[in-house]
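Participant: Those protein sequences? They're chains G and P, same order as listed. Going by this note's numbering, the first residue of the first sequence is number 1, and it counts up by one from there. Going by this note's numbering, the first residue of the second sequence is number 506, and it counts up by one from there.
To be clear, the hints were calculated from the coordinates, so they are not data collected in a lab. Don't be surprised by glycine CBs; every beta carbon is placed ideally from N, CA and C. Hints are supplied without guarantee of correctness; some may be wrong.
Unchecked claim - Here are the simulated lysine-lysine pairs, DSS-like style, with alpha carbons at most 30 Å apart:
hint, chain 1, residue 1, chain 2, residue 2
1, P, K774, G, K61
2, P, K781, G, K397
3, P, K792, G, K162
4, P, K781, G, K132
5, G, K242, P, K781
6, G, K446, G, K337
7, G, K397, G, K446
8, P, K781, G, K61
9, G, K284, G, K314
10, P, K587, P, K557
11, P, K774, G, K242
12, P, K774, G, K162
13, P, K781, G, K34
14, G, K218, G, K61
15, G, K132, G, K34
16, G, K162, P, K781
17, G, K314, G, K337
18, G, K337, G, K317
19, P, K792, G, K61
20, G, K15, G, K162
Claimed, not checked - Restraint ranges, calculated between C-beta atoms of paired labels, are given here:
hint, chain 1, residue 1, chain 2, residue 2, range
21, P, A766, G, G131, 33 to 39 Å
22, G, T96, P, R788, 15 to 21 Å
23, P, R788, G, G241, 33 to 39 Å
24, P, L764, G, G72, 36 to 42 Å
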Amino acid sequence: MDIRAHVSMVFHLDKCIGCHTCSVACKNIWTDRKGTEYMWWNNVETKPGTGYPTQWEDQEKYKGGWALGEDGRIHLRLHDRTNGLSNIFYNPALPTIDDYYEPWTYDYENLFNAPEGDDQPTARAVSMITGKPMDNIEAGPNWDDDLGGSPVYAANDVNLNKLTEEEREQLAEIERVVFFYLPRICNHCLNPGCVAACPAGAIYKRGEDGIVLISQEKCRAWRMCISGCPYKKTYFNWSSGKSEKCILCVPRLESGQPPACFHSCVGRIRYLGVLLYDADMIEKSTSVPDSELVAAQRAMIMDPFDPAIIAAAKQNKISDAMIAAAQNSPVYKFVKKWQIALPLHAEFRTLPMLYYVPPMLPILAKTKDGNYDIEGLDREGLPAMLGSLEKARMPIKYMASLFSAGNVEEVEAAYRKLIAVRIFKRAQKVKDYQQAEVDAALAAGKTNPEEVEAIFRLTSLPTYEERFVVPPLGRESAVEAWENPLERKTEAGFGVRNKIAKRKF
Amino acid sequence: MTESVERLSLPKGPALLLVLLAALAFLTLATGVAFAQPSAQAADGEALFKEKCVACHTIGGGKLVGPDLQGVTERQDPVWLKQWILAPDQVLASGDPIATGLFKEYNNVPMPNLGLTPDQVDALLAYLGGGATTGGAGAELPAGDAVSGKAYFVGDQRFSNGGPHCISCHSVAGLGSLGGGNLGPDLTNSGYTQSETAFASFISAPSTQTMNSIWASTPLTLQEQADLYAFLSKAAIQQREPSSLLQIALLAILGAALLIALANLYWGKRLRGVRKPMVERARAAAKR
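All chains, please: the whole structure from these sequences, using the hints.
Facilitator: The following block contains the structure:
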């Protein structure tokens with residue numbers, strides 16, 4: 001057993017309102033420099049949709065992540081050693097700038113400085129790469145927001161390939177159209193494709209908290225990480241010639257604050273906390289069949305209250321404060337205790353440490369005589385309004401494609417529990433459910449009133465401290481592994497940087 | 506001293522003094538010998554001349570690769586001459602008019618820097634001024650065969666003493682458009698091949714450091730020399746054909762095209778954009 005600590009995340013999609021505040025908070029702090037204009041370390045996609053970069057989930061094209069080989073081991077989809085060498089000067093699986101978008105700004109100065117004329121001056125779009133006017137903007141980082149251009153974009157969502165032709169047609173029906181938001185940042189994976197693909201050894205996963213970082217000194221611009229990451233969350237800075245990615249706002253974390261996107265989230269959908277996991281299980285859990293991936297990943301997460309686990313953690317020099325943070329972790333509750341948060345695209349086999357609570361799905365209904373008519377009971381004998389997964393507008397197979405590597409039971413189990421919480425609380429507050437229905441919902445969700453109350457509390461009424469349990473990262477002690485903290489002890493203060501002349505008498 | 510070496514320690518006290526004194530005496534003696542032998546200079550000069558100069562020069566035997574050196578000490582200023590023999594490359598590079606004239610006169614073959622010390626140069630000058638003659642160059646070459654000479658040059662035929670074939674370092678017109686190596690001079694219309702005697706004299710004991718180190722141990726036979734000379738002096742290779750330039754250009758274009766085709770074959774399946782083809786497909790479908 002090799003217990004390690006990982007700063008992990010949960011995004012509760014039921015609460016995401018798609019306002020992009022997270023993206024803007026991140027952009028303003030990290031990616032407003034030259035060469036980074038096109039990067040969105042945090043972006044919010046509309047699903048169904050093709051996302052950013054376009055169709056990033058299609059690994060037939062982008063060759064990201066790992067594939068399970070016939071030998072039962074995982075292999076980088078991008079290349080083996082031979083191909084890696086022969087392609088080293090010419091990476092064949094890079095997204096083009098058009099697949100992200102050509103970043104632009106507007107020539108606002110023209111509004112003030114234009115010479116007097118017959119027409120109102122306009123602010124033309126100007127490319128932030130070439131500096132030339134862009135009069136025909138064809139794509140943006142969020143071009144298909146709220147199903148914009150859906151016959152082209154939403155229709156080409158890679159996850160829809162799992163649906164039947166009939167189901168796909170129904171999705172486009174008027175009054176059935178449905179979408180939800182999917183905010184994405186770097187998943188800080190346990191088995192990162194970017195790290196494995198880097199020929200320069202420039203990407204590393206910090207031992208004490210699992211944050212994946214790119215060394216700007218070691219990066220040699222091979223750009224294999226960009227192909228290797230199946231989530232397309234490493235980006236190439238064309239100005240500095242180095243790759244960059246989400247750093248989970250380490251400077252903020254190290255001073256006890258949550259990352260900027262977490263802090264600014266209007267819907268308060270984001271949770272941050274520590275998970276303890278067994279690193280010895282990584283290889284095994286990445287090479288199970290697709291349907292078992294989510295369960296295998298969950299099995300790696302260890303109970304931070306188990307004395308044996310605590311002892312093993314201490315043996316690995318995990319601090320008491322870190323263990324305490326793991327015990328208070330909201331992520332542990334969502335992912336392991338309640339099992340309602342699931343990894344995004346587990347089939348990429350990178351073991352992402354960002355988990356999503358799937359959004360409640362609007363159900364199919366038709367207006368009859370001006371009334372919204374919902375008929376019948378669902379499979380579990382629950383009224384259709386909140387209970388029905390069968391009648392959900394978004395086929396459950398689609399959600400399984402996103403959150404459980406195609407395993408429908410896994411994502412259904414999460415939904416049954418979320419529905420139980422809804423029905424239980426509604427019966428409590430609105431009182432329009434019978435006790436029998438509530439009991440049926442609890443049984444279907446394999447839950448109980450205490451757990452439901454706890455889920456409700458952490459979903460709807462969490463305090464700042466409950467959402468963000470930022471552990472002391474102990475960087476100052478971790479750094480002692482390679483640097484003597486007293487090395488520069490006498491090299492600061494007055495007269496060190498600028499010599500001060502002695503006063504002459 | 507032997508004792509101190511055996512004990513693996515430095516001599517101390519009076520012993521050290523003795524050792525130092527002995528060393529000093531030896532040094533004085535050795536330098537004394539080196540500096541105080543003017544009478545031996547001419548004899549040394551003759552040996553030096555035979556070792557370093559005969560490849561290109563005679564005294565009273567006529568021109569070879571370089572000029573006949575009979576009376577050179579009277580023709581030239583001794584200070585200049587000493588400087589020239591010491592470092593011909595530097596004198597030539599300084600744009601000296603006499604050196605430049607000689608360089609042009611002898612088909613642009615520069616005199617190599619022989620790495621002589623000032624004393625050796627003095628000895629040589631003493632020998633040259635002493636009125637000695639060497640007669641003509643070495644042996645007469647038999648009749649050569651240009652075809653066989655070319656075979657030796659490009660390496661189709663081995664030299665009997667195992668020397669390397671010429672094309673590794675030298676190029677010459679008449680080899681085809683790609684020519685030969687660039688380490689040694691291009692032998693087209695070169696001063697080394699201006700006469701049979703000059704060529705034979707040089708190639709049998711080359712004075713330049715690179716050539717000497719190779720050919721001293723693996724000399725060419727007379728027949729090989731004759732064949733090579735026949736090839737190098739052939740009228741057809743006295744000038745580069747303009748068509749060979751076109752050939753080089755065509756070869757370069759063909760080679761580039763082949764490389765690009767191969768690269769395209771290997772990297773042809775690379776990702777060439779996702780969004781644009783997707784949008785175009787959707788538009789085409791909408792039109793239908």
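Participant: Determine for every hint whether it applies to the structure shown.
Facilitator: Evaluation of the provided hints:
For the hint pairing K774/P with K61/G, the CA-to-CA distance comes to about 10 Å; that is within 30 Å, so the pair holds. For a cut-off of 30 Å, the pair hint linking K781/P to K397/G stands: about 28 Å separates their Cα positions. Distance check on the hinted pair: K792/P and K162/G sit about 26 Å apart at the alpha-carbon level, within 30 Å; holds. The hinted pair formed by K781/P and K132/G meets the criterion: a straight-line CA distance of about 21 Å does not exceed 30 Å.
Of the pairs offered as hints, the one joining K242/G and K781/P holds, with about 26 Å between alpha carbons and a cut-off of 30 Å not exceeded. Distance check on the hinted pair: K446/G and K337/G sit about 12 Å apart at the alpha-carbon level, within 30 Å; holds. In summary, the hint linking K397/G to K446/G is supported, as the alpha carbons are separated by about 21 Å, within the 30 Å threshold. The suggested pairing of K781/P with K61/G holds, with an alpha-carbon distance near 14 Å, which does not exceed 30 Å.
A hinted pair counts as satisfied when its Cα atoms are at most 30 Å apart, and K284/G with K314/G qualifies at roughly 24 Å. A distance of roughly 15 Å separates the Cα atoms of K587/P and K557/P; the hinted pair therefore holds under the 30 Å criterion. A hinted pair counts as satisfied when its Cα atoms are at most 30 Å apart, and K774/P with K242/G qualifies at roughly 25 Å. Taking the CA atoms of K774/P and K162/G, the gap is about 25 Å. The hint holds against a cut of 30 Å.
With a C-alpha separation of about 25 Å, the suggested pairing of K781/P with K34/G holds against the 30 Å cut-off. A threshold of 30 Å between alpha carbons decides the hint, and for K218/G with K61/G the separation of about 28 Å falls inside it, so the pair holds. The suggested pairing of K132/G with K34/G holds, with an alpha-carbon distance near 15 Å, which does not exceed 30 Å. A distance of roughly 23 Å separates the Cα atoms of K162/G and K781/P; the hinted pair therefore holds under the 30 Å criterion.
Distance hint between K314/G and K337/G is fulfilled; the C-alpha atoms sit about 22 Å from each other, no more than 30 Å. Between K337/G and K317/G the CA atoms are separated by roughly 25 Å; this keeps the pair inside 30 Å, and the hint holds. Taking the CA atoms of K792/P and K61/G, the gap is about 26 Å. The hint holds against a cut of 30 Å. Note on K15/G and K162/G: the hinted pairing holds, with a Cα-Cα distance of about 26 Å set against a maximum of 30 Å.
The hinted window of 33 to 39 Å between A766/P and G131/G holds, with their beta carbons roughly 36 Å apart. For the pair T96/G and R788/P, the supplied restraint of 15 to 21 Å holds, since their beta-carbon distance comes to about 19 Å. Checked against the hint of 33 to 39 Å, the C-beta distance between R788/P and G241/G comes to roughly 36 Å, which is consistent with it. Judged by the Cβ atoms, the range 36 to 42 Å given for L764/P and G72/G holds: they are separated by roughly 40 Å.
Hint compliance for this structure: no hint is broken.
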